[in-house]
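**Student:** Note that the protein sequences, when read in sequence, are chains A, B, C, D and E. Its first residue numbered 64, the first sequence is counted upward by one per residue in this note's numbering. Its first residue numbered 64, the second sequence is counted upward by one per residue in this note's numbering. Its first residue numbered 64, the third sequence is counted upward by one per residue in this note's numbering. Its first residue numbered 64, the fourth sequence is counted upward by one per residue in this note's numbering. Its first residue numbered 64, the fifth sequence is counted upward by one per residue in this note's numbering.
Be careful, since some hints might not be right.
Put simply, identical chains are the same to the list, so a pair is met inside one copy or across any two.
Simulated pairs of lysine-lysine, DSS-like, Cα-Cα distance not exceeding 27 Å [stated by the list, open to error]:
(1) Lys151 <-> Lys225
(2) Lys209 <-> Lys114
(3) Lys219 <-> Lys151
(4) Lys89 <-> Lys308
(5) Lys225 <-> Lys148
(6) Lys315 <-> Lys165
(7) Lys138 <-> Lys231
(8) Lys272 <-> Lys415
(9) Lys170 <-> Lys315
(10) Lys230 <-> Lys209
(11) Lys391 <-> Lys148
(12) Lys170 <-> Lys308
Everything labelled a hint here was simulated from the structure, so no lab data went into it. Treat the numbers as computed from the prediction; the structure is a model and nothing was measured.
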Amino acid sequence: MTKTKHKPKLKSGHAPGTAFFTGHKKMDQVEISVLKFNEEEFSEFNCPDVKTLLPHLTKTDNVVWVNVIGLHDEKTIEEICLHLKVHKLTIEDILNVGQRPKLEEHKDYLHIVVKMLMGGTTPDTLDIEQLSFILTDNILVTFQEKIGDVFDPIRKRIREAKGLIRKKKSDYFQYIVLDAVVDYYFFILEQFGENLEDIENSLINNPQKSDLNKIHIIKREAIELRRAIYPMRELVNSLGNLDDKIMSAETKVYIRDLYDHTIQTIETVEIFRETAVGLLDLYMNIASNKMNEIMKVLTIVSSIFIPLTFVAGVYGMNFHNMPELRLKYGYYMILGLMIMVFIGMIMFFKRKRWL
Amino acid sequence: MTKTKHKPKLKSGHAPGTAFFTGHKKMDQVEISVLKFNEEEFSEFNCPDVKTLLPHLTKTDNVVWVNVIGLHDEKTIEEICLHLKVHKLTIEDILNVGQRPKLEEHKDYLHIVVKMLMGGTTPDTLDIEQLSFILTDNILVTFQEKIGDVFDPIRKRIREAKGLIRKKKSDYFQYIVLDAVVDYYFFILEQFGENLEDIENSLINNPQKSDLNKIHIIKREAIELRRAIYPMRELVNSLGNLDDKIMSAETKVYIRDLYDHTIQTIETVEIFRETAVGLLDLYMNIASNKMNEIMKVLTIVSSIFIPLTFVAGVYGMNFHNMPELRLKYGYYMILGLMIMVFIGMIMFFKRKRWL
Amino acid sequence: MTKTKHKPKLKSGHAPGTAFFTGHKKMDQVEISVLKFNEEEFSEFNCPDVKTLLPHLTKTDNVVWVNVIGLHDEKTIEEICLHLKVHKLTIEDILNVGQRPKLEEHKDYLHIVVKMLMGGTTPDTLDIEQLSFILTDNILVTFQEKIGDVFDPIRKRIREAKGLIRKKKSDYFQYIVLDAVVDYYFFILEQFGENLEDIENSLINNPQKSDLNKIHIIKREAIELRRAIYPMRELVNSLGNLDDKIMSAETKVYIRDLYDHTIQTIETVEIFRETAVGLLDLYMNIASNKMNEIMKVLTIVSSIFIPLTFVAGVYGMNFHNMPELRLKYGYYMILGLMIMVFIGMIMFFKRKRWL
Amino acid sequence: MTKTKHKPKLKSGHAPGTAFFTGHKKMDQVEISVLKFNEEEFSEFNCPDVKTLLPHLTKTDNVVWVNVIGLHDEKTIEEICLHLKVHKLTIEDILNVGQRPKLEEHKDYLHIVVKMLMGGTTPDTLDIEQLSFILTDNILVTFQEKIGDVFDPIRKRIREAKGLIRKKKSDYFQYIVLDAVVDYYFFILEQFGENLEDIENSLINNPQKSDLNKIHIIKREAIELRRAIYPMRELVNSLGNLDDKIMSAETKVYIRDLYDHTIQTIETVEIFRETAVGLLDLYMNIASNKMNEIMKVLTIVSSIFIPLTFVAGVYGMNFHNMPELRLKYGYYMILGLMIMVFIGMIMFFKRKRWL
Amino acid sequence: MTKTKHKPKLKSGHAPGTAFFTGHKKMDQVEISVLKFNEEEFSEFNCPDVKTLLPHLTKTDNVVWVNVIGLHDEKTIEEICLHLKVHKLTIEDILNVGQRPKLEEHKDYLHIVVKMLMGGTTPDTLDIEQLSFILTDNILVTFQEKIGDVFDPIRKRIREAKGLIRKKKSDYFQYIVLDAVVDYYFFILEQFGENLEDIENSLINNPQKSDLNKIHIIKREAIELRRAIYPMRELVNSLGNLDDKIMSAETKVYIRDLYDHTIQTIETVEIFRETAVGLLDLYMNIASNKMNEIMKVLTIVSSIFIPLTFVAGVYGMNFHNMPELRLKYGYYMILGLMIMVFIGMIMFFKRKRWL
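Bound-form chain A, shown alone (with noise of 0.2 Å):
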């Protein structure tokens, strides 16, 4: 079911280059908001439509981030990337949400995909994010499929002025959304590491048949992590050697710290995935255990009373010649055989470690 959750539909038998949207519908209507700001002044408001954004959308000393939520309706996507010159098969991998994440150069724009990820309390709650990026001289634009992102402490820091984001340009501020992303990436992960913990203490505790679909759930979440992560490592790699007209080395120093917390989430990522795989095997192994225990009990009784039975089933059989069953003493010594039998057998077992 994960799986399906974020299956994009098919584009295939389209032309390349054609405008269309892969995933499902999320939200009734776009929304678009716009944050203009520079050192001294700030502003935050929502376009009902494109007509109304294109205006602020030109070269000025302000960044302008403008945030697209709801990839549905192709024409005002299109719209917008068409306003700020934006090749087609751009428009296209905006809008083909099983994109992998990229970063590639274009004469007029930068276009960076990555995978935001959220949720991720417990198993099977993962949800992974398509966010595109357009990033021309002063402007940029984020395009996402839902309402929901990892972005309010930044916006947050530019009401309040707070830090270096208000008085930076716009390669600044690009850093500073791919670190919300990979910062979260971090919560997530810390999610995860704990549902992993408790799987492996309610293994180690008392495991249950359910724990076996739990693992299962949460080994393919960590492929699907790996799969989201990994290719950020190139991604930021590639950022940092942009020429220095579009990313000053001032921000390069911010970036070189990026990829550092990048390759951190990668190796976090795989030990999770090392882990999970071997939380299998452990399942196995305490399920293997478990069993052997309750077959030793069931072998350690058989063993002995089966023989002991045949023994009273011999005495059981209705001859008329049977001397021993006129014995006096007859019953009383084959009482004491059985219980020699029995202790033989009991000492055999300890000997043998068995029990």
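Since the structure of chain A is provided, determine the placement of chains B, C, D and E on it from the hints.
**Tutor:** Just chains B, C, D and E now, with coordinates in the frame of chain A:
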């Protein structure tokens, strides 16, 4: 069986450059269809034999797409190729349907081999066909073994003059047909993913013996898919690195996009392969879990009733002198003892959490 | 056993460059056959000893192919080699049949070592033989341990002057013999693939204990095949990168083709190895499945009849005072109880889907 | 549990460059100890606060080693760093104790992060602490979370003016402290190896349920060790590639030696990880072997006595007309039959090598 | 235990460059033997102490080979090394017997560390010893821990002036001793391979509990072998890339040959490691097969006789009113019923192919 389906005949023993078809004849006569177009006009017709075809294979302003279906008639293939000055080894490669996807640059032409994926709606119906391309200035010849391809959307676009297809040269057209092939990979992979999920759901809900065979088949198909798709990475990369005279800079933007798609299909195949391997583990675990539950019942039933049966056996012995038998309430005492043993066992199992 | 078959003797302790045959003598006398040809004429004869051979090893316009069969007579080999100015270490390599495939460029000659694969129609009959080449201007000397090679199609082509073989120089001829070796790899791999499939079918239809051993043998053969074929990639690549004086540009086109074939055989071997490993898993799964089914029968039979036997045992006790025994319909009531328990058990198992 | 021990707090949501300690407070007050030395003299003292420290952080001929213990007081750390012109992101890294080992070259200083390994005498006591270095011309500042380090041998050598330590500059001193850290890795790895061996011996002699948990813990510790040690390779390599002005050619000879040691620790960790994984297999095999032996006993006992009990049951039936019962030696004949069945079974098992 | 055998003492805590022997003293006194030779003459003698040795360590036309056996006397080693102007860190490396094979080029000398393999005729007798070389213009000093080496064939060749050995300089001699070491690897690997085969045959014919331990030991030895041999690849490669002044072009031809041998040993070790891992699978499979067969017998015996015993139990009940008991042929009818059930069961098992 899947394996045999695609197994080419042996070419072993022939001199290098011998035209020798290694597949199995899948149709009666070679079909040659031609599509000729430029921005203004297009024509579409079949050629009954090679003679009627050759006059169309000349350098003009039209893009000429010749689709040759059926490779069993080596002479026909050879005639077409020799007319285009194709090297003997290339002809051998076209006829040897067990080729690995590759791109070869020759003086007069470009030679590309890819695998076209078809079918695959249920496990064991995956159909992998070799597709060879000869690209000269304005002519693209495609060779395939049997009727049925993934190019209908392209034909439609040519007829309806949709998109850029009619405005561009043969290098763009080469891109278009490769894109159609890779696009169809997505469709096949989606089918494959759904088959995987069906098996997975069937495993979790009610695992059956036949699932083991299905997993085996799908694992093998994943290997075949990987084999067909993996070399595409290098192929498309080489295509993007060709001289600008052969592949125009404009088309290369599209090829970069194609490259992204190829990487995506490769990643998907990798994940599917891992998932298929994981399915086997899952099956084993579920089967072993089920077995354990069954064994537990046996253990508990046996461990309880075997000792009780022994007690009954003791008092079924026919010794003349067994004082307990003569006790008035002996029977009830023994029944009471048995009930106590029974309850004790149940409690023991409960405390051990085996019940 | 397979392993011992190919195990060379130890050369440990000899000075480097000592001519010392590390294989086992497989024939009585060294056989030396010569094939001399140019575009117009050819001659074919055997040399009884080295003396009659040496006059033919001179620089002429003919291509001279000397095939030396049998390496146990170190002196003969040394004489031929010294005549051709071959380095002592090369002679040592020719006689040391445990070499890794490699290409070495020397001042006066080219030294190539490959593995010739033979046999292999059933598991455990794979035969790997070392083949060494010394290539000088117009002379190619091949060394092998015993009679039987893969060059009959070449001899036929020379005699019938088919293909390019008689028109080209010794560099092309070197390509031709390597191509014959690699071509035969395909044949061997096909045999191998069929063996794999036979085992697989046997496993699925009726797994037997002996299959385990067969899987073990075929896994080991896959490792040996890989070891023989893998280094060919580098070898053929080096061949294609030789100076144009040694390997003409024209021949290099053919070598590129040979390279493709080599990659194909390597990929096939890899898939076979994976398949062979997968077979073991399949065997384990099928065996475990079968076992589970058998165990299920035991469980069900035991779980049903052990409690019933206990009931029968109770009423088989010989207490004097057992009121139920004297009831008129006591027997029928107990029989009824047993039938009810029986039906209840069956229903329990049905509900649990164990039946 | 091991996992939680080292888990840093989340920094998610803070602006980049915010000084924020992500660890847990492990001591009351920050301790600052200073060691100042040159070839002739040395002094050693503690600074109660930052104010008393700062005058010592000036460019002189002395090597000044400042050891800051306790990171929970962000202000203190910040003051020291700003005095040394350390970048905000570096300060963030020092306080973020979940860093990956790395070396960063800044204009005014060198920033190194490594993991210091401590404890580890028994499984689950491994203690991994982050150690940050700031190296300027003649000053080395080390930051760690809590009291306890691996530098006592260094302090002793400084006091006793042993070795080269007092004669060299701060670059050599940087090497010396890194060498001390890596040297201690060997000690920790030795402990680890002994723990591995203890578990292994316990497994082979008398495997117990608790061993499974121990293997699980030690496997996880191996992963943590690898994570801590692996990046050291790159770090020490970068150190050796620094400009000769920062790292003198003379010191680089020592760094090459350090590099060898690092490789050795990495290799050892790899072998330990493989061994730990192998232990699980060993455990499984031993447990399964033990189980098989127990099962064999059950099988043999049951297979022998169940049929015998049946025979006894037959002659315990109460049919009025059972001629055998009336035979004079019927009982002995049946006893004889039983003994023969018994012996036959034993011989069958012996021949099958099950006994 | 194998592990402890080679475990060096800890050097942790010493200053870098401290001469400190990390092995265990294996002989009483250090033995110093000298071999001096040129093309015309040679002399061979032992030096009782360092003083008598030093005069021989001068630059002459002779090749001087000093073999120092026993490293526990650090002073002796230090004196020799200092005389040859060997760096302190190199001395430390010579005495630290846990080194990784490596080649270090110093200004005045070449420093090589390799592992000499000895013993290994049965599992658990593999003996790995560290061998250090110091090569200056005409002097080669070898250091080893205890008596016993692989150089007897070399000594013999020097004495008998066989091969090139007496005609060449010290660089060729360095090659010769390394070649002897690698040559002996082949011998050790052959032993190892035979041990593997013995275990394998024992497994297939009659697997025993002790085999599990043997597999465990041989797996660990394979890891140790790999660790000793793997770095040789890089070492020999570096040797071949040395300046022609140090390693003459003529000798480099031989080093290329040595490189081939090294690759061969590495490949063999890899295959052995894979085989050793495969053995564990084989063992598991064979053990599980045997177990299954045993279980099958139990299942069949129990499934047949438990229901029959029940029937006998029913007619052993003592109800007063059981009409069947009074039937004249009741006993025979029941016996007939039992035989029918018996035959039915056998047929059921036969049809299921469980018999």
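**Student:** The structure should be examined with respect to each hint, and the outcome stated for every one.
**Tutor:** Status of the hints after comparison with the structure:
In the homo-oligomer, the alpha carbons of Lys151 and Lys225 lie at most 27 Å apart only across protomers (15 Å), although the nearest pairing inside one protomer, at 38 Å, exceeds that limit. In this assembly of identical chains, Lys209 and Lys114 lie within 27 Å of each other by CA distance solely inside one copy; the values are 21 Å within and 53 Å between copies. Taking CA atoms no more than 27 Å apart as the test, Lys219 paired with Lys151 passes between copies only; the shortest distance there is 21 Å, against 34 Å inside one copy. Taking the shortest Cα distances, Lys89 and Lys308 never come within 27 Å of each other, neither inside one copy (38 Å) nor across copies (46 Å).
With identical chains, the CA atoms of Lys225 and Lys148 are at most 27 Å apart between copies only, with a shortest distance of 22 Å across copies and 33 Å within one. For the homomeric pair Lys315 and Lys165, the shortest alpha-carbon distances inside one copy (18 Å) and between copies (17 Å) are both at most 27 Å. Taking CA atoms no more than 27 Å apart as the test, Lys138 paired with Lys231 passes between copies only; the shortest distance there is 26 Å, against 33 Å inside one copy. Taking identical chains as interchangeable, the C-alpha atoms of Lys272 and Lys415 lie at most 27 Å apart only when they sit on different chains, with a minimum of 15 Å there against 32 Å within one chain.
In this homomeric assembly, Lys170 and Lys315 come within 27 Å of each other (Cα to Cα) both inside a single copy, at 21 Å, and across copies, at 14 Å. In this assembly of identical chains, the alpha carbons of Lys230 and Lys209 never lie at most 27 Å apart, being 30 Å within a copy and 38 Å across copies at closest. Taking identical chains as interchangeable, the C-alpha atoms of Lys391 and Lys148 are never at most 27 Å apart, the minima being 113 Å within one chain and 102 Å between chains. Both within a single protomer and between protomers do Lys170 and Lys308 lie at most 27 Å apart by alpha-carbon distance, with minima of 13 Å and 21 Å respectively.
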